[in-house]
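S.K.: The chain contents come next:
Number of protein chains: 2
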Amino acid sequence: MIKVSINGYGTIGKRVADAVLKQPDMELVGVAKTSPNYEAMVAFKRNMRIYVPEENKEKFISAGIEPAGNISDMIEESDVIVDATPNGVGAEYKKIYVEKGKPALFQGGEKSNVGEISFSALCNYDEAIGKKYVRVVSCNTTAMLRTICTTSKVSPVKKVRGTVIRRAADPKEYKKGPINALVPDPASVPSHHAKDVNTVLKDLDIVTMAVISPTNLMHVHLLDMETEREVRREEILEQLLSTPRIVVVPGKAGINSTAELVELARDLGRERNDMPEVMVFEDSVQTKGKEVFLMYAVHQESIVVPENVDAVRAVSGMSKSIDLTNASLGIRKGYII
Amino acid sequence: MIKVSINGYGTIGKRVADAVLKQPDMELVGVAKTSPNYEAMVAFKRNMRIYVPEENKEKFISAGIEPAGNISDMIEESDVIVDATPNGVGAEYKKIYVEKGKPALFQGGEKSNVGEISFSALCNYDEAIGKKYVRVVSCNTTAMLRTICTTSKVSPVKKVRGTVIRRAADPKEYKKGPINALVPDPASVPSHHAKDVNTVLKDLDIVTMAVISPTNLMHVHLLDMETEREVRREEILEQLLSTPRIVVVPGKAGINSTAELVELARDLGRERNDMPEVMVFEDSVQTKGKEVFLMYAVHQESIVVPENVDAVRAVSGMSKSIDLTNASLGIRKGYII
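For the protein sequence lines, the chains are A and B, in the order given. As numbered in my numbering, residues 13 to 349 make up the first sequence, in order. As numbered in my numbering, residues 13 to 349 make up the second sequence, in order.
Among the clues, some could well be false.
What the hints assert, rightly or not - DSBU-like mimics (lysine-lysine), calculated; alpha carbons at most 35 angstroms apart, straight line:
1. B:Lys332 <-> A:Lys57
2. B:Lys34 <-> A:Lys264
3. B:Lys171 <-> B:Lys214
4. A:Lys187 <-> B:Lys184
As the list claims (entries may be wrong) - Per label pair, the in silico range of CB-to-CB distance:
5. A:Lys207 <-> B:Lys71: 44 to 52 angstroms
6. B:Glu139 <-> A:Ile73: 43 to 51 angstroms
7. A:Ser254 <-> B:Lys144: 50 to 58 angstroms
8. A:Ser254 <-> B:Glu139: 55 to 63 angstroms
9. B:Lys302 <-> A:Ser47: 34 to 42 angstroms
Stated by the list, open to error - Among chain A residues calculated to face chain B with C-beta under 10 angstroms, some are:
10. Pro226
11. Val261
12. Asn268
13. Arg278
14. Asp286
Everything labelled a hint here was simulated from the structure, so no lab data went into it. A virtual CB, placed ideally from N, CA and C, is assigned to each residue, including glycine.
With the sequences and hints as input, model every part of the structure.
M.R.: If you want it as structure tokens, here you go:
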């Protein structure tokens with residue numbers, strides 16, 4: 013059993029914790045939380061061990077949460093730490109992981125040099141095997157890489173021009189905006205997504221532009237990919253339909269928005285209405301000579317969860333993970349409905 | 013077994029269908045749907061029988077849904093019909109229910125004279141027993157009635173002055189606004205909520221004012237109730253804490269918004285992140301002489317679901333329902349966390 017702990021119990025951390033609990037070969041040591049809010053209260057009620065900064069112990073105890081120890085204790089007891097702390101904090105914690113000789117994963121909000129490798133399971137799983145420090149790329153980059161590497165199976169993708177329409181905040185966040193503006197992010201070219209894709213696919217010619225939109229459900233990407241040879245729409249669609257972690261939203265389902273994708277997730281009984289799969293709109297998949305066009309939605313809260321689970325196995329030296337992760341988490345392929 | 017069918021499979025209908033499936037004394041005949049979208053596709057995949065208008069059968073078949081019959085067939089096969097069709101449509105269908113001699117429930121969007129009685133389980137369950145046509149009041153009215161009838165157990169409520177801050181649309185709806193305006197609803201006094209409360213509590217002095225706000229998660233109510241005698245905050249809080257279908261959001265949980273209430277529902281593993289309980293903010297409960305002030309959130313998609321289940325039993329002549337409904341649906345009381 014791989015003993016895994018989660019440092020940072022927010023949007024990503026809580027989901028990776030739940031995912032670890034579902035792995036037959038992993039054990040959850042516990043989760044680290046800095047303030048005793050409702051999220052910590054629910055985790056404690058669910059019998060997770062809560063590790064806290066030494067100086068905050070009293071605060072937790074008066075909120076009815078008995079800490080299992082401090083964060084340093086948690087790191088000691090772990091084989092692998094999944095760092096899901098806020099952007100930039102992971103790099104600080106890395107010093108402690110290194111000092112204690114523990115392998116660790118970082119999230120895409122950290123600079124790419126925090127890890128020995130940036131990771132996307134469908135593109136470069138094998139390169140991460142046995143590495144000690146791995147950075148799982150961000151939600152947008154994960155989605156783009158899944159799509160590009162899948163398309164490349166039909167014919168290698170030589171060039172990508174992409175538009176990222178970003179959600180402005182996560183559903184639980186009520187202090188972040190914008191509420192009524194479109195915000196070029198940034199108003200210069202390229203956006204960081206292209207550079208981040210290049211941390212995994214180093215030689216790809218890719219340019220992205222991004223805009224923040226006042227919504228909190230999902231991102232939407234619009235891609236124009238150029239392949240080595242001329243491809244047919246049917247080939248691309250078939251490849252998308254047969255690749256796990258990608259689902260196709262059928263035209264006949266009358267789903268025209270991210271709002272309805274969330275409603276579908278609720279109707280399907282998905283926990284927390286999570287959709288870790290890239291959701292490709294079927295009717296958007298089009299080809300023109302060597303160009304492939306498509307549009308898909310990205311659930312920013314959950315898409316990197318399976319990648320984190322895979323990366324835990326990769327740093328533990330295991331060569332096979334993707335199928336097991338998909339099966340344990342109920343991650344789908346094909347038409348979503 | 014009471015054979016129940018659901019006419020109209022939208023926000024309310026889909027939830028009542030799921031709730032009926034969880035009742036030990038009910039059987040779901042099927043659900044009626046007019047168009048074959050993703051909601052119908054999921055219901056069909058889950059083995060619900062789908063009844064459709066005769067003229068739309070072909071459309072359903074080409075979407076891969078084999079209809080079980082037409083809506084008239086469904087009504088014939090049922091002991092009770094839960095009508096969850098759009099506002100005003102229920103009154104049209106009533107003619108068919110009457111013609112076929114079938115008891116039926118209607119939702120709060122219908123005019124109050126559609127039923128022999130307007131219904132709120134905690135206020136007037138007994139009056140509905142054996143009635144044939146019952147109107148379950150709307151989400152806002154249900155929440156207000158639960159709160160008033162619960163407060164009245166401490167000391168009878170004589171007067172209510174209330175503010176309703178309404179959500180603008182449901183999460184799945186993407187064609188309805190406003191997106192950036194506050195809309196007095198209407199800019200006259202009182203709003204219809206006061207009149208609707210009076211359909212159940214006929215002699216209560218109540219005035220409400222309402223504003224639509226650009227959010228789709230929940231409504232929020234701010235009440236000022238006057239009781240017969242002087243009351244203490246502790247008495248009110250104790251009564252709220254011991255009443256099922258009402259939960260108290262503890263001050264220490266750091267929950268300051270409807271956004272976090274939805275996140276809590278997700279963390280608690282609630283299906284579709286539903287919260288059918290009235291959610292009272294603990295620190296908002298205050299008293300001043302005979303006045304009781306409080307603030308609570310209302311999950312518009314799910315709050316009337318337990319009331320619909322109870323009303324099915326009431327029209328079937330059964331005197332006890334509330335505890336069974338709460339147990340079968342996992343409906344809570346006390347501190348929510």
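S.K.: Going through the earlier hints one by one, which of them does the structure break, listed in rising order?
M.R.: none
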